[in-house]
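With the sequences and hints as input, model every part of the structure.
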Amino acid sequence: MARDYRLRIDPWAADYDGTAGMLEAEAPDARVELGVEGPWQALRPGLPKNAPHLAFVDGVRRIECRFVVERGGRAHFGLFGSFAVGAALANGRARVLGERIGRIAACSGGFAVEPVLLRIGGMALRYEPEAVADDRPDAPLRGLQNAMRRAEAELGPELLQVAELVLLDGPLSSLSADGPLVGYVKRLLRSYLPPAEAELLPRLRIGERTPLFLVRSAPQDRYSWYQRIGEGRAHDSAWAGIVRCETGARPGLDEARRLADLTAACLPHFASDPLRDPRAPQNLFPIGALEGHLRHRLGDPLLLRRALEASVLGESAA
Amino acid sequence: MSQAAQPVGRVLGTQDATPLEFWVAVADGQYLQLDDVVHVGTPLPDGRQVMLYGVVDLVRARHEGARFDSDVFLVEQGVLPASIAQAAHVRVTRVEPEVFVPPLPGREVHRAAGALREQALFFDGMQHKVPIGLSRDGEPVFANREFLDGTRGAHVNISGISGVATKTSYATFLLHSLFEGGAFGASAANTHAIVFNVKGEDLLWLDRPNRRVDADVRAQYQRLGLPAQPFSSVRFLAPAGPGGVTPQTGQRQDGVTSFLWTLREFAEQRLLRFLFADADDAQSQLAYVVDRVERELLDAAKSSPKDQPTIFLGEGDDRREVTDFAQLVDRVCHHAETWAQRAAAGTVQAFERRLRAAAGRVGHLLRGHGAGRPGQHRLDFRQSQLTVVDLHRLHERAQRFVVGALLERLFEEKEHAGSNRPLVFVVLDELNKYCPREGSSPLKEILVDIAERGRSLGIVLIGAQQTASEVENRIVANAALRVVGRLDLAEAERPDYGFLGAVGRSRAGILKPGSMIVQQPEVPAPVLLRFPFPAWATRADEVAAEARPKDPLRGL
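Those protein sequence lines, which keep their order, are chains A and B.
Going by numbering that gives the first Met the number 0, the first residue of the first sequence is number 0, and it counts up by one from there.
Going by numbering that gives the first Met the number 0, the first residue of the second sequence is number 0, and it counts up by one from there.
One thing to keep in mind: the hints can contain errors.
Claimed, not checked - In silico contact screen, one side only, chain B against chain A (beta carbon under 8 Å); selected entries:
(1) Leu73
(2) Gly77
(3) Val78
(4) Leu79
To be verified - A few chain A residues that face chain B, going by a derived Cβ cut-off under 8 Å, partial list only:
(5) Ala89
(6) Gly91
(7) Ala93
(8) Val95
(9) Gly291
Since the hints were made in silico from the structure, they are not lab data.
All residues carry an ideal CB built from backbone N, CA and C; glycine is no exception.
This is how it looks when you write it as structure tokens:
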């Protein structure tokens, strides 16, 4: 019996980022306005004369140890976690800068624990409290994610001093400032386009983009577009190699077009290959390397966990 | 902060740091190269500071943040961020005070200069320093004279491929440093050297300046504290040619004295054995015959008129003067059977065969009445500081005879002297020919004796060979200074070069002419050094013009 569907590989590695990706389901109640940039067809911007200085911002986070707060007969779940954010600046040479490490003790139920101090070798580490309002099971993890996103957002505007375009990982959040900041969405979890317009996407070639469309939703209106940065393999889905970008609508349509042309033309240069990155080609080289670098900066998880356990043990003995 | 005061890096924590070796992460804007001398201070819990000194013997650079080989292309394209990390491996040479703790990771490492460098290489404890070359950074490297003159050690052994390893050049440079550099001070008058020239004519121009010496070379000599001059006191000896007493030389015609032996000396000094100087396996019977014949000759010499170059052989009516060596050979062969009664007939015949064969090669050096004035043609090393004995035109057999005979005399003289002064250096190349590992011979025995007892006798052997693995082990092992020039890589793997270490062995395979690796007793790590171009000529056409002696027959 012939099948009425097609099965293709989603090239995202099987166990990568499982639940975390779900945490940021893209704006569910957005309204999309098409036709803001002429007829719906593939656009191919030319390469700029001088290679622009691009900054790629990303962050990594890690749970060191989960905990439970027992308080007045109730239990709140929490976790000790670390995050690191930084940027990869590509201006002829690629290098990492602006690394920031943060450590937090996230707790659900809106409860803020006291800061936890650790000593490892000659270094003092401090886990700051991060209270998350609700009591859902994923609340502590969201707390860690939020702390990371705040740090990323702070980093963005600083980079405008050394880069002409700053690429943030994921959709723009409420904290994103104005300026040439572009949100870069690697995983396309929801479709903003009706089926007729969505047909254009697999037909895009590398370096081409769709026209802009306006997304009206919280936290701010955005101009968005799809572009192809690389090809998938034969058995990958048709959308492999397609990414969605967005930038704030406040600076105006012309500025948004300029940024869209820049990203469409320049990003394919940084696309990764499957040999090196299981999330190729969407996980650009600078971002993949930046993630590795930041993960390294978080420190040895075993050392931290032991120090945390010792600290809690010390308290329990007191 | 000046360059010297800034640290060159810090002790690594990702590799083990031990009291005998550690790694250094090289700081940005700094570099470390092989053979650099560094020092690092590390604190003890009681507040004391331990200083470790060492020599860099490995430097490596790698990308941090790259996993695949092809990542390097991505980095250069500006797509992949990666940084370059350099690290150097240090072999510790000295720890002061001697508390053998590892340097803690993170401690600052500095280049050692001046007094600290002297401490690192143990130069500060040397009472009498002899410059033996320049290190890679242009600083002098010293050896302790006490390990060269027999006080605490003696003997030098040099290995390397002929033609590239510059063994003879280095041996002469050492002599130059010892004699012309004032290392012996007042007792220089009582120090001598005998240099055997077995190959080519390089050593026949030691007293003539080299015209190729330029300002750079002069600066190097000055750095070493040595005069850029040829040797000031040299005598040249060459074997007398057949049928006369004029020396048989090549390009060098002037200032050469000939040497030979009279038949009487041959008999009195028991030199017969050196005609059989090939190393054989356990030819004990032959040695017996030789011994018996020697005794008979010695007796004959004692009963012959003194002050004559000849001897009388035979009993009663048979007693006749032997006037030349051919005659001697005949007479000896005639009497051999009776003199060596207990030997088997076959052995005596072997003796006769070999004696005749040797006679053909060596005979012209042994004279009867045509020997000139008595005593004129003897080698007397006291007549000049350096005596060069030229052998390169002699057959191998004759070379062995001359070396054996001369060393034997030297040895006996020194044994009877009762003191180890005057000090005599003996420079001999091709030791694998004269004292090979297998077998035994009279010459080999003398050389082993010198190696083992030379210190107390005041004889220091500066020996050289292509392959130390083929030379008698006792000679190589007794050398206080072990020097290596360019080595064949297969040879370098042999246990005889264990002192080089793995890194030293690989480097020995790529040494340029003029570069040597030296191991001396006080310094725990072998040191790579360069020695300057010789200030003395090594060929006729290198002799500086104004020094060339006028040809008296010119213009005729």
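Right, here's what the structure says about each hint:
1. Checking Leu73(B) against chain A: minimum C-beta separation of about 6 Å stays under 8 Å; hint holds.
2. A distance limit of 8 Å between C-beta atoms decides the matter here; for Gly77(B) the minimum to chain A is near 5 Å, and the interface restraint holds.
3. The criterion of a C-beta within 8 Å of any C-beta in chain A is met by Val78(B), whose closest approach is roughly 5 Å, and the hint holds.
4. A distance limit of 8 Å between C-beta atoms decides the matter here; for Leu79(B) the minimum to chain A is near 5 Å, and the interface restraint holds.
5. With a least beta-carbon distance of about 6 Å to chain B, the hint placing Ala89(A) at the interface is held under the 8 Å criterion.
6. At about 5 Å, the closest approach between the beta carbon of Gly91(A) and any beta carbon in chain B falls short of 8 Å, and the interface hint on this residue holds.
7. Taken as an interface hint, Ala93(A) checks out: its beta carbon lies about 4 Å from the nearest beta carbon of chain B, inside 8 Å.
8. The interface hint given for Val95(A) holds, since its Cβ lies 5 Å from the closest Cβ of chain B, which is under the 8 Å cut-off.
9. At a threshold of 8 Å, the smallest CB-CB gap from Gly291(A) to chain B is about 7 Å, leaving the interface hint in force.
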